[in-house]
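Novice: Listed below are the residues making up each chain.
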Amino acid sequence: MLEVNNLKTWLDAGKTQVRAVDGVSFAINRNETFALLGESGCGKSMTALSIMRLLPEAGRIVAGSVNLDGQDLLELPEIAMRTVRGKRIAMIFQEPMTSLNPVLTVGRQIAETLYRHTALRGDAARVRVLELLDAVGIPDAQVRYHDYPFQFSGGMKQRVMIAIALACEPDLLIADEPTTALDVTIQAQVLELLRKLQREHGMAVLLITHDLGVVSEMAHRVAVMYAGEMVETAERGEFFANPRHPYTRKLFASLPGAVRRGEPLETMRGNVPPLDSDFVGCRFAGRCDFAWRRCGEEAPEWSEVAPGHAVRCHLVGSGAANSPLCKRGAGGDFSGANIRDTVEIPPNPPLQRGEFCSTRQPSSQEQSCVHRLALKGREAAPEQRERPVPLLDVCDLKIHFPIRKGLLKRVAGHVYAVDGVSLAIGCGRTLALVGESGCGKTTVGKGILQLIRPTGGSVRFAGEELTQLKGAALRARRADFQIVFQDPYSSLDPRMRIADILEEGMISLGTASPPAARQASVDSLLQQVGLSPESKYRYPHEFSGGQRQRVAIARALAVKPKLLVCDEPTSALDVSVQAQILNLLRGLQDDLGLAYLFITHNLAVVEYFAHEVAVMYLGRIVERGSVEEVMHAPRHPYTRALLSAVPVIETGSKREVIRLSGDLPSPSNPPRGCHFHPRCPHVMPVCRLNYPAATGFSATHSARCYLYGENRENGGGI
Amino acid sequence: MMPFKLVLLWTDGLLWLLLALVGLYVWRVRRHEHLLQPWRRLSRSRSGVASAVILLAFVAVGVLDSLHFRLPLEKQAGGVVRHYSPEVLSVFDLLVGPLRKQPEKTYSAPFATQLYAKETIELPGGRQLRDYPRLKYGGAHLADPAGEQAGDIAATALEGGAWALVAGWGATLALVLWLARRRRISPGAAWSLVRHGRDEIPWRTFLGTVGMLILFACLAAAFSAKYHIFGTDKVGQDVFYLTLKSIRTGLMIGTLTTLVMLPFALLLGIMAGYFRGWVDDVIQYVYTTLNSIPGVLLIAAAVLILQVYMDSNQELFDTVAARADIRLLFLCIILGITSWTGLCRLLRGETLKLGEMEFVQAATAFGVGHFRIIARHILPNVMHIVLISIVLDFSGLVLAEAVLSYVGVGVDPTMQSWGNMINGARLEMAREPMVWWSLAAAFVFMFVLVLSANLFSDRVRDAFDPRMK
Amino acid sequence: MINYLIRRLLYAIPILVGVNLLTFALFFVVNTPDNMARIHLGIKHVTPDAIAKWKHERGYDKPLMWNATAAGAQKAADTIFFEKSVRMFAFDFGRSDEGRNISYDIQTRMWPSLAIALPVFAIGLLVNITFAMLMAFFRATYIDFAGVVLCVAMMSISGLFYIIGGQYLISKLLHLTPISGFDGGLNAFKFVVLPVTIGVIGGIGAGSRWYRTIFLEEATRDYVRTARAKGLSELAVLFGHVLKNAMIPILTGAVVVIPLLFMGSLISESFFGIPGLGSYTIDAINAQDFAIVRAMVFLGSVLYIVGLILTDISYTLVDPRIRLE
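Residue numbers (the numbering used here), protein chains in the order written: chain A, 1 to 718; chain B, 1 to 469; chain C, 1 to 325.
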């Protein structure tokens, strides 16, 4: 139905032309979901915008054709194109927060499309809008018709966007990263909705995403883009069973997960080549482990390896027999080739384990808070007394932000961002704090570091109470715990050189006082995180996102901390870069004995990386345990739903997926009783009354739910 | 003993301070690539280069006019105590000597040879005649103005043009040689770079603007020796001279006001945004209160009060210039007080945003103190806002000076300023034929200055605003 | 929402008190009544008796803040602060130094001011928004470029020249309207046309350029892309989506000045001989009549604060996020 031929879209960037899309061809049939997969900057969004002819002002289409049922859209005059947009091709965007007009009611925004393309007016249009709102699963459509976008949550806004797109029953729906900005449980809802609507309306969907899991759940056919062109295309089953392009394979191999635990992830060296240059050979050649002479000289053509499965690679095309790989006897199949491109970590500096990391017998007062909690749920087992004092021991941490209202700004209520969180981390261990956005996990991290002063509870670091420390005493402790932030772009001061950034902490905390010693340690830090010492004279903007994150890690390491709070350190990065950073963090833990509090929403990273897991929901930890216990035998209904909502790459049978209804409630007004009960599939009357106590399942595993333990007797059956 | 007595007026001192600060900034920028980058972007824009050249010419006049001194009185008793003339002169006055020293009796039109008003002239024979008398200086070298003037003007224009041509080529040559040296290429290569506009910096625009300035300067110099090119005012002073002297006033108002208000705006804006809480509340209250008083009225009230003070303490000022200068300084201060709120609000907003940035939190996690965080993280990251707003405010302040002088609360009436010129000329609007030249001169100079400032500020904003990248 | 407005209203009170204290300090503490008397009676030859008489006639001979000689509440009330400053809260501005009733003058003079300022504001806003929309519609073309150049040139010309040039061209050369003057009722029209026209033209440069920036900034937002993806025409996008959002920043700047329109314009009123509050103020400044200047300072602040409150109300009209909070 839609046929894109040799599409080339260039962007003006001053004197040079960025070839954002450089010769892309594909076709989509009715009833089909076609996924365009690629990392950021590969041109997948530009392709979509080119089809809609909605390019930004700097962009223009220089060649190619876009045929919709045989009609070339690029030839149409702008006026005719407007009858195509919204009617025959509709589009939904990545950011539901900003993609709706904030000052118009959602009803009007949906009706606008109807007014533009259909004869429906007045009540008829209104009825149709209500139908659409119903269809995309917005409850109380009658009422919400008159609501403004700010009154909707992110997931609901994306549903409204979908309603707008569906209004005229388009032939093709372009979904540009439709769920990237949403939490997994919400993502699951929206993806389900898209699938259902496609089945009902029989439309074609062009799905643009970077997430292999989403592709696996949604797509019929897949195309992989790299540096402005497509490198591989196949049916979904074939694609996941037998990926052929080295880039695709690398993408798969760099995904973290339980299977790869304990071993480094595969990474790609170098960066995506700049798109304003002329390419002679294969664009991936510079980063490919199998590149040979021909790859640098000649751009590969498509070669079909199976029906419907084509690859742009000299290793599989004609003449592949000449490749060095084949000569080595590996044949066309190089999957078994033992390739590792790990970050080189220089010889280990001596371990810096503090004296408090010994495994001496703790006195009963020194038992960690979490430990005591676990003991409450179970009979105290004697072997548990041998556990060491944890490095960090957080007990009943509370951080409430006052909401001021009224004439005199009186405190009218609180945002219960963190409401009684207890956790403990031992030396050299990784605790993953998992939860959806808004659950308070970042606030926990900042509260532990005393960047936000807690409202209540205690934070003991190596036995010392941090919440009571002030001024110089607190500063003296600060070298022991540091933080790595999520956004590598805002976490480095753009006006400071790398050397100054790294030195700041050393100067402030006086860890390496003579300037010469500082310079030496700057050099060794940069090497430690895999950057060259020369880079210390440069400024952050000269580095890519992954490199900046390395600098941020080096900055934290500069003061030789024992504990690193990693606040979503990889969620702003592409998968291949994420792998590099995870490898680096893992290596550092092995070498330096660092403990990590790893704050994340990415469960695959948790499975790969963490020792223990704590799952947070609305300011409280609902389940904790070792990574095996929580990830493989989750008890709390929320943990289960969370785990099942993650899109996974599975070629075989589909698991049963628990779909959660509704959104995360507001932390300023948490539901009575168990916070999770309004969304819980197993809700019982007792859940609405009181927050459940912890139930222990093993020495480490516990959950707060009425389904288990003593709670069960109180609640009475499911 | 010096043959003159240096006079350092308050505004002079502040101007030198400002120049020193600019010098310091330039020195810093040259050593830091990331600071240099926006300036490079700026230097690539044609309107940016052209407006910068014109602004620099204005600044040069203003700076020359800020080197003040008093000459000794002619009749000295050779004794120890020397008495100096009460008239304060500047280096600029010396450079344009004839302009200052050739006053007529009253109005005369540009290039006129006769006065504007008829007078009773006594003829040699004792007869009296009511006619337009000849000017004392303007066109005095002509025997028969009616017949000779056209030819004389053409000849003078040619002479001026020739000089301009020589100077223009001199400037081009100097540029080519400098470029060759700096880029380490042959002068021939540098010349072709300039000629074909192949360099990043639009040298042709640069040379064109410089050439136009040179042409104007040469023509003005050639003509001013013989004529009053913009006529004379009510008391016979050369209007061109007044206009040039007004440049300093305009520049002072435009720059010193900013210099005065900058510390307040920076300190309070950053404090409000960084510390938040009650500090923020207090600072917001202060600037909302100040903002709520209509600016012109606050200035009027303050200037009236200053007037009262100066009238009752006349002994404090030894010269007219010192008196006028204090009023100018005070005007700058009061303009500063009414105008810092805008920048303060901007800085507060930006600091609020920066405070949320993760690099500031990282510094806090290192236990870096508030003062150091402000100095090392906040201040450098808001400097572009300061720069943009300085340049943006400049043109508005130059225009404000004219309005305030018109209202009667501007600079001292004895001080040369465009506002005073317009104010004076307005009263003569009804006369037939109209006395238009003072207005025209003030209009042209103000327009050129403000237009260049506006164009320049546009380019500065484009180059410095991170959102524009 | 009501709560929000009440809060804004209450917030105005400390600001008014601040302004009041500031004017009091400026006019009576920094600049003493003795100084004022000297200015009016001449600097050189003035006797203490004359000063005392001048002060007594105008009520400036009372103690500043606290009258120890009076009884009871009069201790605080029979002072300059109470008589001259606190009374302003009730819009009782007293008498000018020349003995005129300021409140009466304000009441009669604000209407001519409004007759000029209101049309200038309304027509100006309309013209500026129209020009800005035109430039935004033709963005990145030569029409837009020429418009911006024209705007920059126009805003580089001092307002005084617009008035002088307008008077010269329209009145003196073409004799279309009187040069200056004012009349009541419908006759006012012929006197009003020229000042209004000049006022509007003088504001086009800065105004349209500022609004153009706002429109262009809105035009890059994501929701505009969504609107285009619906197949809407460029005009529908501009009027249906961009304009409504751009009204929020435009209102911030525009609504706050509406109450200040009563104050008129200093410059154009004095040039055109309009008997409004602007020329009243200028005359007072030239006559060094502190009482009137003080009254106008306070009045201006009150009107500005009213403007701030009106701005807040207007937000609730255009921005549902504030209306429904």
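Hints are not guaranteed to be accurate.
[As the list claims (entries may be wrong)] Derived SDA-like pairs (lysine to any residue); straight-line CA-CA distance at most 20 Å:
no. : chain 1 : residue 1 : chain 2 : residue 2
1   : C       : Lys172    : B       : Leu193
2   : A       : Lys87     : C       : Ala236
3   : A       : Lys15     : B       : Glu350
4   : C       : Lys172    : B       : Ala440
5   : B       : Lys353    : A       : Gly308
6   : A       : Lys15     : B       : His196
7   : A       : Lys470    : B       : Arg372
8   : A       : Lys398    : A       : Tyr489
9   : C       : Lys172    : B       : Lys226
10  : A       : Lys196    : A       : Ala517
11  : B       : Lys234    : B       : Gly408
12  : B       : Lys226    : B       : Gln114
13  : C       : Lys244    : C       : Asp319
14  : A       : Lys560    : A       : Ala517
15  : C       : Lys244    : A       : Tyr489
16  : A       : Lys15     : B       : Ile201
17  : C       : Lys172    : B       : Ile305
18  : C       : Lys55     : B       : Ile305
19  : A       : Lys15     : B       : Gln114
20  : B       : Lys353    : A       : Tyr489
21  : C       : Lys244    : C       : Ile201
22  : A       : Lys8      : A       : Gly456
23  : A       : Lys87     : C       : Arg225
24  : C       : Lys55     : B       : Met434
25  : A       : Lys15     : B       : Pro38
26  : C       : Lys172    : B       : Glu428
27  : B       : Lys226    : B       : Ala140
28  : C       : Lys172    : C       : Leu186
29  : B       : Lys226    : B       : Arg372
30  : B       : Lys353    : A       : Pro494
31  : A       : Lys15     : B       : Glu428
32  : C       : Lys172    : B       : Arg426
33  : C       : Lys172    : C       : Ile201
34  : C       : Lys244    : A       : Leu104
35  : A       : Lys8      : A       : Ala58
36  : C       : Lys55     : B       : Arg372
37  : C       : Lys62     : C       : Ser85
38  : C       : Lys244    : C       : Val127
Quick caveat, the hints were computed from the structure, so don't treat them as lab data.
Quick caveat, the model's predicted, so the values are computed rather than measured.
Novice: For each hint, tell me whether it holds in the structure or not.
Specialist: Consistency of the hints with the structure:
no.	hint	in the structure
1	C:Lys172 with B:Leu193	violated, 54 Å
2	A:Lys87 with C:Ala236	holds, 16 Å
3	A:Lys15 with B:Glu350	violated, 32 Å
4	C:Lys172 with B:Ala440	holds, 17 Å
5	B:Lys353 with A:Gly308	violated, 51 Å
6	A:Lys15 with B:His196	holds, 17 Å
7	A:Lys470 with B:Arg372	holds, 18 Å
8	A:Lys398 with A:Tyr489	violated, 30 Å
9	C:Lys172 with B:Lys226	violated, 34 Å
10	A:Lys196 with A:Ala517	violated, 63 Å
11	B:Lys234 with B:Gly408	holds, 19 Å
12	B:Lys226 with B:Gln114	holds, 13 Å
13	C:Lys244 with C:Asp319	holds, 9 Å
14	A:Lys560 with A:Ala517	holds, 14 Å
15	C:Lys244 with A:Tyr489	violated, 33 Å
16	A:Lys15 with B:Ile201	holds, 14 Å
17	C:Lys172 with B:Ile305	violated, 39 Å
18	C:Lys55 with B:Ile305	holds, 17 Å
19	A:Lys15 with B:Gln114	violated, 59 Å
20	B:Lys353 with A:Tyr489	holds, 14 Å
21	C:Lys244 with C:Ile201	violated, 25 Å
22	A:Lys8 with A:Gly456	violated, 59 Å
23	A:Lys87 with C:Arg225	holds, 15 Å
24	C:Lys55 with B:Met434	violated, 46 Å
25	A:Lys15 with B:Pro38	holds, 17 Å
26	C:Lys172 with B:Glu428	holds, 14 Å
27	B:Lys226 with B:Ala140	holds, 7 Å
28	C:Lys172 with C:Leu186	violated, 23 Å
29	B:Lys226 with B:Arg372	violated, 62 Å
30	B:Lys353 with A:Pro494	holds, 14 Å
31	A:Lys15 with B:Glu428	violated, 56 Å
32	C:Lys172 with B:Arg426	holds, 14 Å
33	C:Lys172 with C:Ile201	holds, 19 Å
34	C:Lys244 with A:Leu104	holds, 9 Å
35	A:Lys8 with A:Ala58	holds, 14 Å
36	C:Lys55 with B:Arg372	violated, 55 Å
37	C:Lys62 with C:Ser85	holds, 13 Å
38	C:Lys244 with C:Val127	holds, 17 Å
Violation of the numbered hints given earlier is confined to hints 1, 3, 5, 8, 9, 10, 15, 17, 19, 21, 22, 24, 28, 29, 31 and 36; the remaining hints are satisfied by the structure.
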